[in-house]
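Take the sequences, apply the hints, and build the full model.
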Amino acid sequence: MRDVIVIGAGGGGPVVAKELAARGLDVLVLEAGPRHARPREQWTSFENDANNPLSGYFRLGPTDRSKPAWFREWSQNSFVWQLSGVGGTTQHFYGNYPRAYPGVFNDYDKPDRAEYDINHRFPFSYGELVPYFEWVEATAPVMTAAMGTKEAVFFRGCETLGLPVQTTKTTHGPSYRPQENAILQPGGNAGRTTDTNLLTYPNATGCTFCGYCFQGCMRPVGAPRNQFAKRSTDNSYVPMALTADVWAPGGRPVELITDAYVTRIHTERRAGALRASGVTWRDNVSGAEHREDAKVVVMAGGCTENPRLWFNSGLPNPNDWVGRGYTDHFFDWVIGSFDDYTGNPKGVGSSARLDFPPYGGLENVGLPPALNAFATTLSDSGIRGQYANGRGPSGPWDGPAGRVMGPELKELVAGGLDRLLCVLVITDDDVEADNRVVTSALPADENGPIPKVTFRHRSRTARTTRNREFMAGKAAQLLRGAGAKKVFRIDWAPLILHVQSSMRMGESEQNSVLDPNAESRAVKGLFIADNSALANGLGGPNPTLTTQALATRTAEKIFQLHFGGDPWVRAESPVVSTDPRISVRLGELGL
Amino acid sequence: MSNSTVALGRRAFLARLGLLGAVGAGGLLSRGALAAPAANAQTDALPGLVALLRPVLAELARDTLNGLSVFALPGPDPYSAAQGTPSDTPGAMEARTTDFLIEALDNFVPFPDQLARPAGAALATGLADTGIELPGTDLLPGELATLDKALAALLENDATLPLSFPISGLLNLLATQVNPLAVNGPFLSPFARLNYAEKARAFELLEGPDSDLVALLDVQFPEPLKASVSGLLKFVGGALIEFASFGSYTEYAVFDRGTRQLTGRPVGWQLTGYQPDGPVEGWDDFIGYYQGRTEVHD
Ligand SMILES: Cc1cc2nc3c(=O)[nH]c(=O)nc-3n(C[C@H](O)[C@H](O)[C@H](O)COP(=O)(O)OP(=O)(O)OC[C@H]3O[C@@H](n4cnc5c(N)ncnc54)[C@H](O)[C@@H]3O)c2cc1C
Ligand code: SF4
Numbered sequence: 001m002r003d004v005i006v007i008g009a010g011g012g013g014p015v016v017a018k019e020l021a022a023r024g025l026d027v028l029v030l031e032a033g034p035r036h037a038r039p040r041e042q043w044t045s046f047e048n049d050a051n052n053p054l055s056g057y058f059r060l061g062p063t064d065r066s067k068p069a070w071f072r073e074w075s076q077n078s079f080v081w082q083l084s085g086v087g088g089t090t091q092h093f094y095g096n097y098p099r100a101y102p103g104v105f106n107d108y109d110k111p112d113r114a115e116y117d118i119n120h121r122f123p124f125s126y127g128e129l130v131p132y133f134e135w136v137e138a139t140a141p142v143m144t145a146a147m148g149t150k151e152a153v154f155f156r157g158c159e160t161l162g163l164p165v166q167t168t169k170t171t172h173g174p175s176y177r178p179q180e181n182a183i184l185q186p187g188g189n190a191g192r193t194t195d196t197n198l199l200t201y202p203n204a205t206g207c208t209f210c211g212y213c214f215q216g217c218m219r220p221v222g223a224p225r226n227q228f229a230k231r232s233t234d235n236s237y238v239p240m241a242l243t244a245d246v247w248a249p250g251g252r253p254v255e256l257i258t259d260a261y262v263t264r265i266h267t268e269r270r271a272g273a274l275r276a277s278g279v280t281w282r283d284n285v286s287g288a289e290h291r292e293d294a295k296v297v298v299m300a301g302g303c304t305e306n307p308r309l310w311f312n313s314g315l316p317n318p319n320d321w322v323g324r325g326y327t328d329h330f331f332d333w334v335i336g337s338f339d340d341y342t343g344n345p346k347g348v349g350s351s352a353r354l355d356f357p358p359y360g361g362l363e364n365v366g367l368p369p370a371l372n373a374f375a376t377t378l379s380d381s382g383i384r385g386q387y388a389n390g391r392g393p394s395g396p397w398d399g400p401a402g403r404v405m406g407p408e409l410k411e412l413v414a415g416g417l418d419r420l421l422c423v424l425v426i427t428d429d430d431v432e433a434d435n436r437v438v439t440s441a442l443p444a445d446e447n448g449p450i451p452k453v454t455f456r457h458r459s460r461t462a463r464t465t466r467n468r469e470f471m472a473g474k475a476a477q478l479l480r481g482a483g484a485k486k487v488f489r490i491d492w493a494p495l496i497l498h499v500q501s502s503m504r505m506g507e508s509e510q511n512s513v514l515d516p517n518a519e520s521r522a523v524k525g526l527f528i529a530d531n532s533a534l535a536n537g538l539g540g541p542n543p544t545l546t547t548q549a550l551a552t553r554t555a556e557k558i559f560q561l562h563f564g565g566d567p568w569v570r571a572e573s574p575v576v577s578t579d580p581r582i583s584v585r586l587g588e589l590g591l
Numbered sequence: 001m002s003n004s005t006v007a008l009g010r011r012a013f014l015a016r017l018g019l020l021g022a023v024g025a026g027g028l029l030s031r032g033a034l035a036a037p038a039a040n041a042q043t044d045a046l047p048g049l050v051a052l053l054r055p056v057l058a059e060l061a062r063d064t065l066n067g068l069s070v071f072a073l074p075g076p077d078p079y080s081a082a083q084g085t086p087s088d089t090p091g092a093m094e095a096r097t098t099d100f101l102i103e104a105l106d107n108f109v110p111f112p113d114q115l116a117r118p119a120g121a122a123l124a125t126g127l128a129d130t131g132i133e134l135p136g137t138d139l140l141p142g143e144l145a146t147l148d149k150a151l152a153a154l155l156e157n158d159a160t161l162p163l164s165f166p167i168s169g170l171l172n173l174l175a176t177q178v179n180p181l182a183v184n185g186p187f188l189s190p191f192a193r194l195n196y197a198e199k200a201r202a203f204e205l206l207e208g209p210d211s212d213l214v215a216l217l218d219v220q221f222p223e224p225l226k227a228s229v230s231g232l233l234k235f236v237g238g239a240l241i242e243f244a245s246f247g248s249y250t251e252y253a254v255f256d257r258g259t260r261q262l263t264g265r266p267v268g269w270q271l272t273g274y275q276p277d278g279p280v281e282g283w284d285d286f287i288g289y290y291q292g293r294t295e296v297h298d
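If you're matching them up, the sequences are chains A and B in order. Residue 517 in our numbering sits at position 517 of the first sequence; the count goes up by one each step and never skips. Residue 199 in our numbering sits at position 199 of the second sequence; the count goes up by one each step and never skips.
Don't read these hints as lab results, they were simulated from the structure. Any given hint might turn out to be false.
Said to hold, decoys possible - With the C-beta cut set under 10 Å, the calculated list includes, among others, these residues of chain A facing chain B:
hint	residue
1	109
2	144
3	150
4	163
5	167
6	212
7	271
8	393
9	396
10	418
As the list claims (entries may be wrong) - Here are some of the chain A residues that sit facing chain B, going by a computed Cβ distance under 10 Å:
hint	residue
11	211
12	389
13	493
14	497
Said to hold, decoys possible - Listing some non-contacts, in silico: residues in chain B with all C-beta distances to chain A over 12 Å:
hint	residue
15	51
16	84
17	140
18	142
19	181
Quick caveat: nothing in here was measured; it's all calculated off a predicted structure. For each residue, glycine too, the CB sits at the ideal point set by N, CA and C.
Rendered as structure tokens:
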């Protein structure tokens, strides 16, 4: 019998695992996908080798790349970009760590209060989460992003919009700024040379500006795993969880098993209440099933997998909110074409942002050629100049929105990828009951019935639609201000990678799965600690910091409620995940 | 429905798939192979014919996907020229996008058999007559019936039907809906014969909310799969374009899996100027910190 089983080693799971390992609990982490313990042998930084969603080393599938990926159904033109493996989807994230907007918490009382999704707020105050934000910001660690050319161009555009620069962690209103990033700032030769010989650790530390974030960060060469620039959890929280005995007094390292697909959560009735008692997992390689019992089970399989596992385990769903209220920031993509060099695609994927509560936000994004082509062709508005698929909105961009593809794309990139600047449009989108995960009618796979993700993107709420149009307009304005000669809006089909709130916590028992402690209302001892636990889409900020802050709080709640322990975040100081003790221990473990 | 209507409907359907073009005069399968009367075909000749048909379908799929690839990235090749978008710089054919698509579709799309099978069956038996007038072919009714039987046998019984075939079948059906004249011409595939605007129109039909084709195909599936299929087709419409575009700009064609190195400069890099000196460990693009601020606090 374990103390705690954590399902999933992505953005959220390792946080709970690391925190409870530091308290000396016996924690087992089960991860469905691979562990890339030797990225220099397993990764390349090439786009197809890395990001092919069917066969790349970053995909949703088992370790064995000759086996197919796991099939998910979505019944609209859309793409759910989720990864399996240690680090989960953070393996190709950009480490942008903004805090949630204060307006999405239940104590917010500023004049624009009613302009947020007030029916789906966090069931506590912004202030309640601040110590946890600070704890994660110190652990990751989060730093002010270094500036490259693409940031300078973005800021040039921001400066024409009449907005202030944000110089705080908390976003108080419309403003722009460098990202607060979970990326180590460049040190030594990093960012200052292209000479490979000069870019080895410790002559180079932190971000080398390689521009390969989407393909995984394994830089600088020769750095210990916990000193790689990008703080995906395979570089930050997982190394800490595996070495808890060396940096936490009384700490106990977690056990991590990969290629271990949890197919069922078990429950039992005790004193009249339904309680989680353990899990069954399946070994991807042998197909063997294993069962482990635990006092507490923590789900962290992501927004799409958690509802699936819930349904497949036959757990109760009394208010029918399991899988509902999925938010995705209803992204869009706006591209500016410039006469001059823009620095795209060098440096961290995104290091600059503009926040515009209560509408959403913008960030600059640099992409390599194939992802750029994917991004310009993922549209719900047909093909520019050919057909509009019933949409094709016009506005401060050039011509109707739609795919830039074929000959037009070829012409666009012919001036050089580094004459383009792309802006991601992030919408403050409402929690809507009909955007959801259900069990697919398609055949089950080896792990049980598969999930189906439905987004009714053409009939989103008036507020969501308004916010998206507003932010897309701002993006075009920004690019023109920065000097873009032409501006294209793609009108993306749903690209679901800022995933939130499909197992949401909430104030009301009527429309939430979790109580304010992130414990499920229906099954005691069953917690959720990833993006799906979030109450809403945070107003637009990238979700991982808030998820990790909440997961830290959830770890405390688990320790207090189920193990009779005391909270620590307000009483202790966090250890930074780059701590040399962790590096040394990783070396001893051969990691 | 009278026998002759059925025959006519099937003939039109096989033509629209591109299959009639691939058989007979100048095609990949000789008329002689189809000479056995349909009745006998059931027994002895059919397995042999099915074996002959399989590579024909593979070629047809490849030709169709060539037409899709250059739609995503035209270059200096005949398919791009036929599409009306010739180009001097390398394109999808040089980037081996067709191979990229076939490899993905046939080996890696985890498309459940339970879905692939009815999709194949739908193509084998469905869409009899959509009222589109087609130019004639030179196959005799007996030959046609034999071909049809062999196709049905292959589609309905082959447990490992490569997904590239139903996908190309779909594109070719759409192509002949957009332009019935595309049943004849250069190449094997009607889709590959379309010009750029016509290909776009084919995708418009596939992506559109009320595609007749989607409705027609739905008929072939039992509930609750039926609803899933029409949704999936919309997804497929977008995904084919997105995946072909993605693939065209990757290193796929010049990646050596053994050494995990490039054997040449990817087309996508040539076209975009990406990494002029090859892969890097870092760039010298660090300018400083905006307004000199290296940290912030509340
Ligand atoms: C390109 C890209 C860029 C991004 N950039 C940012 C950014 O800059 N900032 C930001 O905040 N966010 C970013 N995100 C989003 C970020 O990746 C997610 O917020 C984060 O990874 C979510 O964490 P999670 O734990 O909810 O899910 P995941 O990270 O998806 O982890 C879930 C894990 O659980 C495993 N799992 C699932 N089911 C099971 C099961 N049944 N048994 C065992 N294991 C299971 C999965 O294999 C996976 O490893 C980005 C995403 C993408 C795709
Ligand atoms: S750009 Fe920086 S953070 Fe991104 S992969 Fe390269 S070194 Fe890592």
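Checked hints:
1. 109: 19 Å, violated
2. 144: Holds - the Cβ of residue 144 of chain A comes within 10 Å of chain B, reaching about 5 Å at its closest.
3. 150: It holds, given that the least Cβ distance between residue 150 of chain A and chain B is near 8 Å, below 10 Å.
4. 163: 14 Å, violated
5. 167: 5 Å, holds
6. 212: 9 Å, holds
7. 271: 40 Å, violated
8. 393: The hint is violated - residue 393 of chain A has no Cβ within 10 Å of chain B, the shortest such distance being about 17 Å.
9. 396: 25 Å, violated
10. 418: 7 Å, holds
11. 211: With a minimum Cβ separation of about 7 Å from chain B (threshold 10 Å), the hint on residue 211 of chain A holds.
12. 389: 5 Å, holds
13. 493: Check passed: Cβ of residue 493 of chain A comes within 6 Å of chain B, closer than 10 Å.
14. 497: 14 Å, violated
15. 51: 26 Å, holds
16. 84: Nearest chain A Cβ is 10 Å from residue 84 of chain B, so the label is violated.
17. 140: Answer for residue 140 of chain B: holds, closest chain A Cβ roughly 40 Å.
18. 142: 39 Å, holds
19. 181: The claim holds: residue 181 of chain B sits with its nearest Cβ about 20 Å from chain A, beyond 12 Å.
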